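Taken in order, these protein sequences are the chains called U and X.
Everything in the first sequence is counted per this note's numbering, starting at 2 for the first residue and increasing by one.
Everything in the second sequence is counted per this note's numbering, starting at 2 for the first residue and increasing by one.
Be aware that a few hints might be false.
Put simply, identical chains are the same to the list, so a pair is met inside one copy or across any two.
[Stated by the list, open to error] As a list, the in silico PhoX-like pairs of lysine-lysine whose alpha-carbon atoms are at most 25 Å apart:
id, residue 1, residue 2
1, Lys12, Lys75
2, Lys75, Lys85
3, Lys85, Lys12
4, Lys12, Lys28
5, Lys28, Lys75
6, Lys7, Lys85
If you're looking for bench data, these hints aren't it; they were derived computationally from the structure.
Quick caveat, the model's predicted, so the values are computed rather than measured.
2 protein chains.
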Amino acid sequence: MPHFSKPPQDKALLDEATVFTPRFDDKGLITAVVIDVRDNAVLMLAHMNAEALSLTLETGFAHYYSRSRNAIWKKGDTSGNLQKVEQVVTDCDQDAVLLKVSMTGHAAACHTGRRSCFYRAVTTENGAAALASIDDDRAFDPETVYGK
Amino acid sequence: MPHFSKPPQDKALLDEATVFTPRFDDKGLITAVVIDVRDNAVLMLAHMNAEALSLTLETGFAHYYSRSRNAIWKKGDTSGNLQKVEQVVTDCDQDAVLLKVSMTGHAAACHTGRRSCFYRAVTTENGAAALASIDDDRAFDPETVYGK
């Protein structure tokens with residue numbers, strides 16, 4: 002399983018580094034942005050601890066860390082919507098990763114059955130922030146897939 | 002300036018809500034994923050507190066919260082690479098926002114001069130995680146723009 006070295010103390014060194022030293026936060030987590038390799042659509046955002054990141058790099062399938070359940074989960078284990086990782090990219094200060102994935106199953110990332118978790122636009126009217134759906138298509142029925 | 006109501010205690014209500022009740026974390030922050038409206042390319046990841054999110058929605062230009070400087074910053078104020086926000090989208094559990102932006106200036110989001118902060122792919126060899134550049138183009142010279 003890949004091992005990660007500690008980040009350098011001088012953050013300026015991170016920009017051009019050729020060694021991957023992910024900067025986990027004070028809870029040991031890094032943010033993962035997940036996009037569909039077909040068209041760059043943003044599918045979801047999740048968190049990884051070092052073990053989830055290692056498992057992702059080792060197996061080629063996305064693994065995340067659930068903050069509510071305090072556990073590693075392999076994306077799609079229940080729904081069948083696995084995420085095959087085609088490329089992992091990190092950012093300038095190495096505190097986030099971008100996963101370019103191909104989905105199996107229903108090709109949907111969201112637990113609501115939608116392709117992407119980002120399906121509502123924010124609008125503001127008279128000082129109130131509202132949401133308007135931009136995607137009502139469901140690739141699967143959550144009740145059938147996850148049960149009641 | 003838009004005001005945000007508190008999220009409901011029952012998280013299941015967030016999925017289909019038509020009211021935007023962003024779930025700021027224990028530090029009062031929400032994650033923002035920023036993409037180029039032209040081709041969905043992921044440009045950067047940043048954080049917002051309630052004020053930065055309000056300013057973004059009110060002015061139509063991206064404002065973030067710097068955790069290292071403990072201050073709101075308007076993206077591009079120094080470099081000229083402002084981010085005009087074409088759409089704000091939130092995810093199922095409302096703890097992240099996706100900004101679709103048009104950039105002004107050099108059309109680059111990264112302080113290194115590159116279009117995107119995500120310019121290095123992670124590779125693993127013999128259990129070590131290395132980085133390989135996938136974008137060496139610089140839209141501007143950081144030393145000229147930010148000074149030494």
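These are the hints, each one checked on the structure:
In this homomeric assembly, lysine 12 and lysine 75 come within 25 Å of each other (Cα to Cα) only across copies, at 22 Å, whereas the closest approach inside a single copy is 31 Å. Taking the closest pair of Cα atoms, lysine 75 and lysine 85 come within 25 Å of each other only inside a single copy of the chain (11 Å); across copies the shortest separation is 36 Å, beyond that limit. With identical chains, the CA atoms of lysine 85 and lysine 12 are never at most 25 Å apart, being 31 Å at best within one copy and 29 Å at best between copies. Proximity of lysine 12 and lysine 28 under a CA criterion of 25 Å is satisfied in both settings, with 19 Å inside one chain copy and 22 Å between copies.
In this homomeric assembly, lysine 28 and lysine 75 come within 25 Å of each other (Cα to Cα) only inside a single copy, at 20 Å, whereas the closest approach across copies is 28 Å. In this assembly of identical chains, the alpha carbons of lysine 7 and lysine 85 never lie at most 25 Å apart, being 27 Å within a copy and 36 Å across copies at closest.
Hint check: violations occur at hints 3 and 6; the rest are consistent with the structure.
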